[in-house]
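Dock chain B against chain A, hints included.
2 protein chains.
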Amino acid sequence: MSKLKRNERIGAIVKILSDAPNKVFTLNYFTEIFDSAKSTISEDLVIVKKLMEDLNLGRVMTIAGAAGGAKFVPALSKIDKTQLVERICQDVRNPDRIVPGNFLYMADILYNPVYAKGIGDIFTERYSSEESRVDYVLTVETKGIPIAVMTARGLNVPLVIARHENKVTEGPKLSINYVSGSSGTLRTMYIAKNAIRKGSRVLIVDDFMRAGGSAKGMSALVKELDCEVAGICVLFDSVHPTQKLVSRYTSLIRYEGIDSNGTILVHPNYEDLL
Amino acid sequence: MSKLKRNERIGAIVKILSDAPNKVFTLNYFTEIFDSAKSTISEDLVIVKKLMEDLNLGRVMTIAGAAGGAKFVPALSKIDKTQLVERICQDVRNPDRIVPGNFLYMADILYNPVYAKGIGDIFTERYSSEESRVDYVLTVETKGIPIAVMTARGLNVPLVIARHENKVTEGPKLSINYVSGSSGTLRTMYIAKNAIRKGSRVLIVDDFMRAGGSAKGMSALVKELDCEVAGICVLFDSVHPTQKLVSRYTSLIRYEGIDSNGTILVHPNYEDLL
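For the protein sequence lines, the chains are A and B, in the order given.
Letter by letter, the first sequence follows residues 1 to 274 of the UniProt record's numbering.
Letter by letter, the second sequence follows residues 1 to 274 of the UniProt record's numbering.
So that you can see chain A by itself, here it is in the shape it has in the complex (with noise of 0.2 angstroms):
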């Protein structure tokens, strides 16, 4: 392959950085793949840090020293924030989503890849900082996983999942019993036993927090391994009940329940959000 120009190192820079948010690539691995010089990668990683700045497609962090190199966080504007979660209210709102027991189907919304990868990526740009230090990223089955999925892409750290079931094909597990919220009977969740290791940070995601039962049980399951609870995101809360079985959370949707004219109510969080 002949050298490359400057446009198409920047290209190829953004596309390896984007495409693996959090991992640190070092200069060198750049001056490998474009048989370039250090000052040159160096000149090019200015150009896309500015460009992404000025178009809000993200963070490029660059570390100095001899481990140095160059990183991708991602990075919405207020205004991609909020229209990402005003398109989701918008979408909730839909009268169709009410069934049966006035519950809300939410699943299409849930498990939509885009909505997945916009709140994934506000969940890793509020967790991406140097004192929040993430090690997982750990959610209960089955609805918040795209979320979570996306949560530990952003942040480059493995996902763990609690089930519901003792599946015998994985091993050893840890269980806990708690109260779910939304049925208010006593569940089990389970997780293999060396899913995590001692002295871990683990983020907390999940799609909906009502009393915060689940939450509060994979915190418990967290904190039996000997590892630390880093934060507890959900993409929708409930105002009700208003006392929560934790004391913190992330929570970018509130949901205020369904008026007597069969409105739904729900509105973006705000102060969590911005």
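Bear in mind the hints are in silico, worked out from the structure with no lab data behind them.
No experiment lies behind these values; they were computed from the predicted model shown.
Beta carbons are placed, not taken as given, at the ideal position from N, Cα and C, and that holds for glycine.
In the DSS-like style, the derived pairs of lysine-lysine whose C-alpha atoms are separated by at most 25 angstroms in a straight line are:
no., chain 1, residue 1, chain 2, residue 2
1, B, K23, A, K78
2, B, K5, B, K38
3, A, K49, B, K5
4, B, K50, A, K38
5, B, K50, A, K50
6, B, K167, A, K216
7, A, K50, B, K38
8, B, K71, A, K49
9, B, K244, B, K223
10, A, K78, B, K3
11, B, K5, A, K38
12, B, K49, A, K3
13, A, K49, B, K49
14, B, K216, B, K193
15, A, K50, B, K49
16, A, K5, B, K38
17, B, K3, A, K5
18, A, K3, B, K5
19, B, K49, A, K71
20, A, K5, B, K50
21, B, K198, B, K167
22, B, K5, A, K5
23, B, K5, A, K50
24, A, K23, B, K78
25, A, K167, B, K244
Label-pair ranges, simulated between beta-carbon atoms:
no., chain 1, residue 1, chain 2, residue 2, range
26, A, T263, B, S77, 48 to 54 angstroms
27, A, G184, B, H164, 19 to 25 angstroms
28, B, T188, A, G184, 22 to 28 angstroms
29, B, E43, A, Q90, 35 to 41 angstroms
30, A, P100, B, H164, 20 to 26 angstroms
31, A, S77, B, A64, 31 to 37 angstroms
32, A, V168, B, P241, 17 to 23 angstroms
33, A, P241, B, A66, 51 to 57 angstroms
34, B, T242, A, D108, 36 to 42 angstroms
Just chain B, lined up with the frame of chain A:
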């Protein structure tokens, strides 16, 4: 914002296209955000297309005509595909994975976001052509979900997840009984009645195929909904039983069991991979 230079536009175009695979962006979209002439953007796209191909970063397809524009499709080189699948095989071969009953603990591999993205890209590439037309990706909970999410995102189509429980909170369901290969028992899977539009083409994605019971069950659901199976993609299949319940499917890794020395026998299925 001042006018961007060519290398800045190139970087931005790469980011925008590759962030939304299989989504067509019109020339107008780019002329507006960059405040540039169509001819300029067309030249940019030629450069983007070439650099992506030269560096094996994917394929940019330009669509001519009034509704014309460009879209990005993942395309891994043979080397990249082989390396990814070899790496997964190597990971599977770790004897610590063997759990009582001679089962393999595989959750961490199936939930690994980097693997899931790579496998999703391979399935996406295979089903991105005009002829294969995919309207939905369908999986059954739980372990195939990460791969299915990435495939749905790559193909830019909704994801549908069949459940093992009939959740009252989710409205009317269609259900089907099938024989589970892993347990040999009769199981039921459910999907929301309106999750898939009549007449659609559905790509079935799953983590592991033994006899093909789940895949056959999902195919039956698809047909019940007056839809067509566009294809069946699994990450792993087992050589036993040799007779599967579905006639055609794609599998990237072949599992032959654990031999008498405790060696895990697994290898890339090059025929389907390359």
